[in-house]
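Chains as they are written, first to last, in my numbering: chain A, 1 to 449; chain B, 450 to 898.
Don't read these hints as lab results, they were simulated from the structure. Cβ coordinates follow ideal geometry from the N, Cα and C atoms, glycine included. Be careful, since some hints might not be right.
Below, a list of computed lysine-lysine pairs in the BS3-like style, where the Cα atoms sit at most 27 angstroms apart [what the hints assert, rightly or not]:
# : chain 1 : residue 1 : chain 2 : residue 2
1 : A       : Lys446    : A       : Lys212
2 : B       : Lys595    : B       : Lys644
3 : A       : Lys195    : B       : Lys642
4 : B       : Lys760    : A       : Lys446
If the Cβ cut is set under 8 angstroms, some of the chain A residues that face chain B in the computed set are [stated by the list, open to error]:
#  : residue
5  : Lys189
6  : Glu256
7  : Thr259
8  : Asp261
9  : Phe265
10 : Val268
11 : Ile313
12 : Val317
13 : Gly325
14 : Val337
15 : Asp433
2 protein chains.
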Amino acid sequence: MQSFELDKTDIQRIRQALDGDEAVLTALLSEYHASEIAIIFESLPQEARDRIIHILPSDIASEVIAEMDYEIHPEKIIENMHPGKRSEIMEELDYDDATDIISQLPEHQQKEILREIDEEDASHIRTLLNYPEDTAGGLMNTQVIKVNGNYTKKDALNEIIRQSEEMEEFYTINVVDDENYLKGIVSLKDIIKAKYSTVINDLVNPEFVYVKAETDQEEVARLISQYNLTSIPVVDDDMRLLGRITFDDVIDVLQEENTEDILKFSGVSEDEELSGNWKEAVKSRLPWLVLNLGTAFLAASVSRHFDSTIKMIPMLVGYMGMIAGMGGNTATQALAVTIRRISLADLTDNQAYRTVLKEFTVGLINGAVNGFIVLLVSMYLDSNPMFSLVIFLSMIGNLVIAGIAGSSIPLILKRVGIDPAIASSIIITTFTDVFGFLLLLGLASKLLL
Amino acid sequence: MQSFELDKTDIQRIRQALDGDEAVLTALLSEYHASEIAIIFESLPQEARDRIIHILPSDIASEVIAEMDYEIHPEKIIENMHPGKRSEIMEELDYDDATDIISQLPEHQQKEILREIDEEDASHIRTLLNYPEDTAGGLMNTQVIKVNGNYTKKDALNEIIRQSEEMEEFYTINVVDDENYLKGIVSLKDIIKAKYSTVINDLVNPEFVYVKAETDQEEVARLISQYNLTSIPVVDDDMRLLGRITFDDVIDVLQEENTEDILKFSGVSEDEELSGNWKEAVKSRLPWLVLNLGTAFLAASVSRHFDSTIKMIPMLVGYMGMIAGMGGNTATQALAVTIRRISLADLTDNQAYRTVLKEFTVGLINGAVNGFIVLLVSMYLDSNPMFSLVIFLSMIGNLVIAGIAGSSIPLILKRVGIDPAIASSIIITTFTDVFGFLLLLGLASKLLL
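Next comes chain A alone, as it looks inside the complex (with noise of 0.2 angstroms):
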């Protein structure tokens, strides 16, 4: 099973079977992970994705609705499923995707579908849907390994060969005390390693990274990370151990936030789903399309202020587009490189006017040589010096202007506590447009006129 590539070959093959026999059908499934099929299930309707795990054994229909895509919607899988083998499917699935996916459905829904299961999952359950979606809470597994500090190795291996019948994956094991207060993590590894009369306290690491349940996911991320954890104890305000986050979570966290960052330095608001239809798009972006329009309006009022010049000089409008367009290209630029820059870390105040300084360098140098070109190209079309002086000019100054908008109003932002990312591209780039105006028909007014 190397580097498997799902193609156009493995959803024609299930479309067909689809049509044909029930058999045939399964055969073919069982040549698929659970992984794979949750792909698959992005290119076919409702309808075979609920025809699908009707017919999947329980335990790799339950891998595959944990594994689907939020934006395809397994909930509805889940609501359309009858009520039978929807207990099944629920109690295989892990408590942190269950709640993910049943808090999707509205209320009167999950309470039939939590009366519906074992009461011991349901009460993990509801416990889960308390926390909010988007904090170390809501991403926890409350199925964990534990053991007590007080056992020895022997009793702590049979209890974790115990506990872990029922888990698929478990990473590091926790050490709590009579009262499930968390004392620390140890690794199988080094359980394996002691002798047997050795008492677990013995071996456990009291330094260790947890978090609480009301911690940012982005935090949790970012500890993860930085400490190359497979997973973080989550425990609350006074140390009771609540549940694990795992590794694999946090991957999930990394590429939903590089899908919003991307979205909101774009001007799309961040919780538009990539596949979601036409009405959530307008609804996401139209808000940023009539806040630029209302700054447009602002340049537009800059050229209109100008119209006299405009209307002697009229070859000035073919450069005025060129110089507003190369100053947001250039606030853009230095914007992306500032944006990303603070959002692996914090800057000094040194660091912070290193990088503004180096962007107002770069607009200077990036500002000249466009600037020159722009000068040859008009001296040869214009054949008037003084206009052309004024196109170099003005091109130098819009770019200067823009390095240090693009990496000035992020990092300024930072500091007041207001996301950066909500300088998009959108607010720098009307910004340059007006003040490119500015510059361009200003100069023009007192060295043309």
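Given chain A, work out where chain B should sit, using these hints.
Same frame as chain A, but now just chain B:
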């Protein structure tokens, strides 16, 4: 050690201690985890980094070096170090980290360092230096836990404990035959649960995911994320075990890709270092700006072509930038959503068609709403209903085209095998500039003159 976040106080304390007594500095440093010192290093000059590494015990020092961001050049510390201390630290480093670091040094220094250290370590590193950095071979660690499939549980456990002495962490056990051909993987949990006389081959899962040394690092990240793996074995073309890649390497790859995506999207070369100097920044960004300038001349030539129209209706000028800019933003929004969507999965023909159709619809509606706002403002300002109608139609037309271009261009690029991120917002924005000018000035010429 909960949710520990470094702030300026930490950096100031260390800065002050650097000027004082070495014993105080040593005590202060011992309060921090290696990965925290690596972050503090970003705010310290090279001499301070060299001095701290010199003071730290070799095992901590090597961890700090391994955790340092490549942008602050861990290889400089290695370069400046006294050979005795250096070989100690090089031998403490995991082979993959050691390789990454010395690969940044000139060849004669690489050879010198490899001569200083233990021959076995050096030969591992020499092998790894041969693989390109962004492949599985470049990412892998050659230190793996492996047992012969013919071993009994008892022998295997002893072997695992022996091998794990030299490794900080391991997650799965590779099962090989007498000639080092990989036969499968097994978890420590499954070995422990087995009877003492069980032969390892009977525990092995014959279906497992692996990669070849030449597999691209993005593909490795995709597999680890898709199958929720803690580690993935790397093999040669004949299935001989070469090494393993762990989830934490993949988290680093994902963060790197995040940065590259947002940079490419903004017209910044993907290998510009975020904290690099202005020379690198100019080199990475100037080509994009010059390219943009070329296309901007195209837009300017459109407006030159309509010189007489502009002279007769100068109030058009104020709306030119507005309509072009709104088109650029609409295209950027469509582009961001589409690029992000196809970065996660390929789209079928039908999905691609529906994506473009959706963006067409979104452009139409957003164009109508914004067009209507501009229509009202223009009726009030310009008192010329026919003129206002031209503005309205141009806004709708440009936003529809922007939606279609922003979604279809990346889809087409992906189909023909070109990185869709190359359709950066810079390129697509110029497209909407040209089209917006053509539409506005063309309609004005036809309907108003």
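Do the hints match the structure? See the list:
no.	hint	in the structure
1	A:Lys446 / A:Lys212	violated, 63 angstroms
2	B:Lys595 / B:Lys644	holds, 20 angstroms
3	A:Lys195 / B:Lys642	holds, 18 angstroms
4	B:Lys760 / A:Lys446	holds, 21 angstroms
5	Lys189	holds, 6 angstroms
6	Glu256	violated, 11 angstroms
7	Thr259	holds, 5 angstroms
8	Asp261	holds, 6 angstroms
9	Phe265	holds, 6 angstroms
10	Val268	holds, 5 angstroms
11	Ile313	violated, 11 angstroms
12	Val317	holds, 5 angstroms
13	Gly325	holds, 6 angstroms
14	Val337	holds, 6 angstroms
15	Asp433	holds, 6 angstroms
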